[in-house]
Amino acid sequence: MISNISVAVRLVNIHFDKWANELLEPVGLSHAQFKVLNLLLARDPFSLRQVDIEDFFQISNPTVTGILRSLEEKGMIEKRANPSDGRSKVIGATEKAEAMREDLHRTERALSDRIRRALSAEECEEFLALLNKIIDSELTEEEQFG
107 MISNISVAVR LVNIHFDKWA NELLEPVGLS HAQFKVLNLL LARDPFSLRQ
157 VDIEDFFQIS NPTVTGILRS LEEKGMIEKR ANPSDGRSKV IGATEKAEAM
207 REDLHRTERA LSDRIRRALS AEECEEFLAL LNKIIDSELT EEEQFG
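Under our numbering, think of the first position of the sequence shown as 107, with each following residue one higher.
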């Protein structure tokens with residue numbers, strides 16, 4: 107049994123990424139691409155800039171650039187001039203991505219089910235509550251010190 111919280115969280119994350127990549131292989135997406143595409147599909151079309159994606163996932167500009175480039179090459183996203191600021195571009199999902207929406211939701215459910223199989227319903231609720239508590243605490247610290 108692992109007694110170090112940071113190691114345990116990292117191992118769960120590694121396994122989660124592995125499961126996601128296995129589930130997403132048939133549709134030709136990585137877990138990182140899947141997360142960005144899901145975000146774009148959940149928002150108003152062409153309402154997000156690259157910096158918004160970077161901020162949302164707390165990942166670097168070069169990482170997001172690579173993810174967006176690969177999604178664009180796959181025909182999943184499109185970039186357009188930002189109507190409110192010509193210096194930037196807004197990003198939106200294409201019709202091809204929209205057509206995959208249900209497949210992506212099924213994949214998301216399958217990932218959640220993978221965790222639910224290891225925990226009881228009560229443990230799942232408690233686990234989610236604890237994760238949200240950590241997230242809320244982090245947001246509070248960023249507001250105080252960021």
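Read the hints as simulated data drawn from the structure, not as lab findings. Cβ atoms here follow ideal geometry from the backbone N, Cα and C, with glycine treated the same way. Some clues are possibly wrong.
Each computed BS3-like pair below joins lysine-lysine, with the alpha-carbon atoms no more than 30 Å apart [to be verified]:
1) Lys185 x Lys239
2) Lys141 x Lys124
3) Lys185 x Lys141
Across the chosen pairs, the derived CB separations fall in these ranges [unchecked claim]:
4) Pro151 x Ala114: 24 to 30 Å
5) Gly181 x Arg149: 18 to 24 Å
6) Ala235 x Ala205: 33 to 39 Å
7) Ser190 x Cys230: 17 to 23 Å
For each hint, the structure was consulted:
Between Lys185 and Lys239 the CA atoms are separated by roughly 36 Å; this puts the pair beyond 30 Å, and the hint is violated. Proposed proximity of Lys141 and Lys124 is supported: the alpha carbons are some 14 Å apart, at most 30 Å. A distance of roughly 17 Å separates the Cα atoms of Lys185 and Lys141; the hinted pair therefore holds under the 30 Å criterion. Taking the beta carbon of each, Pro151 and Ala114 are about 39 Å apart, not inside 24 to 30 Å as hinted.
Between Gly181 and Arg149 the beta carbons are some 19 Å apart, a value that agrees with the proposed interval 18 to 24 Å. Under the hint 33 to 39 Å, the C-beta atoms of Ala235 and Ala205, about 36 Å apart, fit the expected range. Take Ser190 and Cys230: their Cβ atoms lie about 41 Å apart, and the range 17 to 23 Å is violated.
When the structure is compared with the earlier hints, violations turn up for hints 1, 4 and 7 and for no others.
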